[in-house]
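Participant: For reference, the chains in residue letters:
2 protein chains.
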Amino acid sequence: MNKITEKKLTQPGNTTIKDEFWGRYIRLVQDVVIPYQYEALHDRVPEAELSHAIANFEIAAGRRAGEFKGWVFQDSDVAKWLEAVGYSLKLKPDPGLERQADEVIDLIGEAQQEDGYLNTYFTVKEPGKRWTNLQDCHELYCAGHFIEAAVAYYEATGKDKLLNIMRRVVDHIDSVFGPEEGRLKGYDGHQEIELALVKLHLLTGNEKYLKLSSFFIDQRGQEPNFLHQEWESRGRITHWSGKTDHIDLAYFQAHLPVREQSVAVGHSVRAVYMYTAMADLALLNGDRALRDACVRLWNNMTEKQMYISGGIGSTHHGEAFTFDYDLPNDTIYAETCASIGLIFFAQRMLRLAPEARYADIMERALYNNVLGSMAQDGKHYFYVNPLEVWPQACSCNPGKHHVKPERQGWFGCACCPPNVARLLTSLNQYIYTVHGDTLYTNLYIGNESNFTLGGTEVAITLESRFPWEGKVSMKVNPEQSGDFGIALRIPSWSDGEEIKVNGEVVSFSESLEQGYVVIRREWKADDVIELNFPMEAHRVYAHPNLRADAGKTAIQRGPLVYCLEGADNGDLLSSISISKTGGFMETFDGGLLGGAVVVKTAGCRVDERSWNDGLYSRTKAAEMPVEVTAIPYYLWGNRGSGEMKVWIPEAERQSLPR
Amino acid sequence: MNKITEKKLTQPGNTTIKDEFWGRYIRLVQDVVIPYQYEALHDRVPEAELSHAIANFEIAAGRRAGEFKGWVFQDSDVAKWLEAVGYSLKLKPDPGLERQADEVIDLIGEAQQEDGYLNTYFTVKEPGKRWTNLQDCHELYCAGHFIEAAVAYYEATGKDKLLNIMRRVVDHIDSVFGPEEGRLKGYDGHQEIELALVKLHLLTGNEKYLKLSSFFIDQRGQEPNFLHQEWESRGRITHWSGKTDHIDLAYFQAHLPVREQSVAVGHSVRAVYMYTAMADLALLNGDRALRDACVRLWNNMTEKQMYISGGIGSTHHGEAFTFDYDLPNDTIYAETCASIGLIFFAQRMLRLAPEARYADIMERALYNNVLGSMAQDGKHYFYVNPLEVWPQACSCNPGKHHVKPERQGWFGCACCPPNVARLLTSLNQYIYTVHGDTLYTNLYIGNESNFTLGGTEVAITLESRFPWEGKVSMKVNPEQSGDFGIALRIPSWSDGEEIKVNGEVVSFSESLEQGYVVIRREWKADDVIELNFPMEAHRVYAHPNLRADAGKTAIQRGPLVYCLEGADNGDLLSSISISKTGGFMETFDGGLLGGAVVVKTAGCRVDERSWNDGLYSRTKAAEMPVEVTAIPYYLWGNRGSGEMKVWIPEAERQSLPR
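Just so you know, the sequences run in chain order A and B. Mapping to numbering that gives the first Met the number 0: the first sequence position 626 is 625, numbers consecutive. Mapping to numbering that gives the first Met the number 0: the second sequence position 361 is 360, numbers consecutive.
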């Protein structure tokens, strides 16, 4: 195996997270999520829906008889588990876990077909139908997840069995797809393999993988439209709902060639997985048109179609984007996986260009939508991440059935939990980017790292109490003194920050570049940067076009968005408004769900008792002053089923009740 | 035919509407809607979807070959047209129209089967499947509509051909359904025949029809559950979606025996049609338990599940009720037919008990939801009647696809337009009720009427400029002087009304009974009652539990609910609030869509230009004072596609912009 040259390896250096806040979640993934998921994949968790994923592999491998069960993409859950195992083993050796993974990899090898093909659904259930329904059947999608797993597992353990299995799979795919006569000019209905092939290319240096990824991306949305033709040739049959009279190409982001796309449309996870690969290819191929498309799509998505939580996807119909400024808080989708994909995309955009705005969104999605999706026990998850919840409506109004007031157990379609697991175990890859001889700091997560900057080895130690306190210390320790740059992101939420190097204040005006303070100087052993981002609760307002949030404010403190819950404020949260001018009282409550800063402010509340019966009246109900309590959004839904909301109406300060 | 005794005839007297406001709509129905619908039923309207309804009858009658087309309940459109024709002919003879109706009735007669059965779907398409899918197939529902048509047509013309056809149909139904051994213990999935059989009973005096209606009502929801058993015996097949794993009995209001029901659930049109029949039977059978159920259901529906427009049905999923206080304005259903059914139910409740609250709701539904459903041209209709519309969301957010920003042309499933037609042509039946020797005035629609009260014939002439002006004059002209009562409803929206008899003020405190001022005295020739209901724009607030309207107010003037439209205020209506304390300026605008009172008030609007890019910001956009214009809700959507909203946030009076 010939490793790719350092120059192209876009994930430089070596970073180990040492962070109280995130350390706890990463340990939770290692200690609970990964073992729990292993049991779930083996159908040994009594309270979880059956996965069938390992069973399907055992049947495909001929180890036992039986029928394929579960979703057509069930294999991918095994892959995502293996990928998380890879990252986890890189963080912390665990021979027992590695043995489990090796056994699973052996099983995968046995399920691989003579010609390299690997997919239990088409091996067991529809052997003659390979590659006949790219639109729905996720064959390349599943392969993509196994490729990501193979790369991660190789990088952690040096073991290449899964890697070799997947190289054979890709060789097979490469013989089926491509511009050559007689090959399919197609691509998967669910993007994923495109970004995976880039990873395989970066690991191996093999250009073939890069070319295949580019083929899938370039081919998408071209005329004649592959998915449309395939659907016609299947007799307009879909895997899910039989005969259909319409195929929505925008759902698959296959409505236009990717370089002509400007608006985020369709299924949001598919979209961000594709954009991630586009950004990868734009960098690796120096493809300006692709890069421009990425910037346009990024801008549309984050400036017109993103929730304050970093959630994307405004509707559960197709788990999809709707249109600009349509961000309803209660019928929302905002799938966990979609925000994880947004973080992938942000990471790749940061590799393309050191602009802090990408990291701002990465931080927003990470600390809110993604973090909030997992329960404190690691065993319950939100797939949908609403910003306003009325529990009774979730059960009694069918338009909100997809919204759950409490985190759910492991599903049969467990897409989100393993995605959280693989993100958190690889979180060290999201903290920094390197451009030239400058190290860009994107996330203030405590870590110890080593980079080669300006020709010298540099050890970095970053200490932080994020998200509770805004003080950060960063020790820069080059082996030899050297000229290089350290760039520090100024978070968009920060106001009045201060930066010192070795005790001397750094002047912002000279050194601010695209949202980073860039300090270029000769760094010497034990140089210390001190940052202080005032972490104070403040109000956030939404663009006037965002109708759902008109007249309302959200509370944010540092990267954390806050919310009101019935548990603190009583239900009927709609009756609460907060004072336009009131200040915030912030206290750290060590007893609240692992400890968190709670924010209180003055507000008022409709006095229900003042309303005399009837649905409508000429007389308004009285209001009374109340203290309003907000907690970090990511902690919502952990204290039983109750109301929750992020956007709160503002009102004049209330006088005494009538 | 033996006519029923006067005592039981619950529609007393004779009322002819003479009213500028409603006269125009009734003429529109006569001059445009009924002829247009006749052409539509014959598939001769180029811009309308094909109805197939007459064609189906021609095929069933053997006049031509062909296949059944359209919905399984397509026959009912013919029936509803005939019913409206009946009412119309009673208002105004029209030999050409009567000839058309007679021809259609001849056709219906030819389509009737030897044994009396009448239904083109099961005659043409599934001859062997009669009465095997009561749940979905609307056989009794269609029969019910033809019974209503037969009664109306007989009462207008004295012609009994359709009546005799329907008596044969009912004889056949009576041989199929009933408590007797070997008969079906079932009822229709869509209630309708129950209330129709009551009408047939009232016309003919035949107790058999009353008994059959009572059977259907009493049987509903009993265990073992007929619909559930039928579904099981069909192999869990539904007419609409093939095999299902669940039957939602609440959708059909068949989840509980009707006397045990207390909460309005399921498909809202089905519900109110059933409640109407229940109230009829409660009265005719003196059934206290049934009456109590009606009161409970009325209270739940109108005090917890009704929009300010008189709309019911909070979700398009099943066109159904959801649960108490769940009244979203933008994902609403509020079907036109459901509000018409609510008016039927209110009329029957008024016959059960003279309580003005029933008439309040009748008026609310009539002047807002129902009136607003029809375009000024009589050819375009809303099926869904939202209280908040963002046109782009209607096309781009699938959760709002059912909401239309403009009235639609005639549909294949044209349930609502003929329902509007039959309601408006029979509106004279909703103005008064008689209890004992007291005439109760429910609606202040101009009319000339004759009643027998206290043993004397009384001519009533009511003149009104409702809904624009609150002055009403009522001449009471008995043939001989006599003691009887005239009761005048004090509308719930009225504040500070005045009533005079022959110039002398009537004291309220002595004479208010259940929302009516009841004047019992010796009435003489040419007595005059003058009423003045101050018709002034005022604010209405919603119950604090009604989360969707929290912090907002609606504007109402007399019976009319008002709304803001983009056409007057510019779009982005979410950026507008009105002053908490501002007054209203009311002017009649003769040029606005047939003339209407327009209401203006002080408000403020977010200045979009003050927002610097980005979706979220610490800085709030500036606001500027604006004049806000509201028009009657029933006129919305007639000036192109734009935003509309009924519930408007209130804010402090705005100072100058920043």
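Hint data in this document are derived by calculation from the structure and do not stem from the laboratory. Beta carbons: idealized from backbone N, C-alpha and C, even for Gly. Check the hints yourself; a few may be wrong.
Now the stretches of chain A that chain B is said to cover, found in silico as 3 or more residues with beta-carbon under 8 Å [stated by the list, open to error]:
1. 161–169
2. 205–216
3. 532–543
4. 564–576
Participant: Looking back at the numbered hints, which does the structure fail to meet, lowest number first?
Facilitator: Result: hints 1, 2 break, sorted rising.
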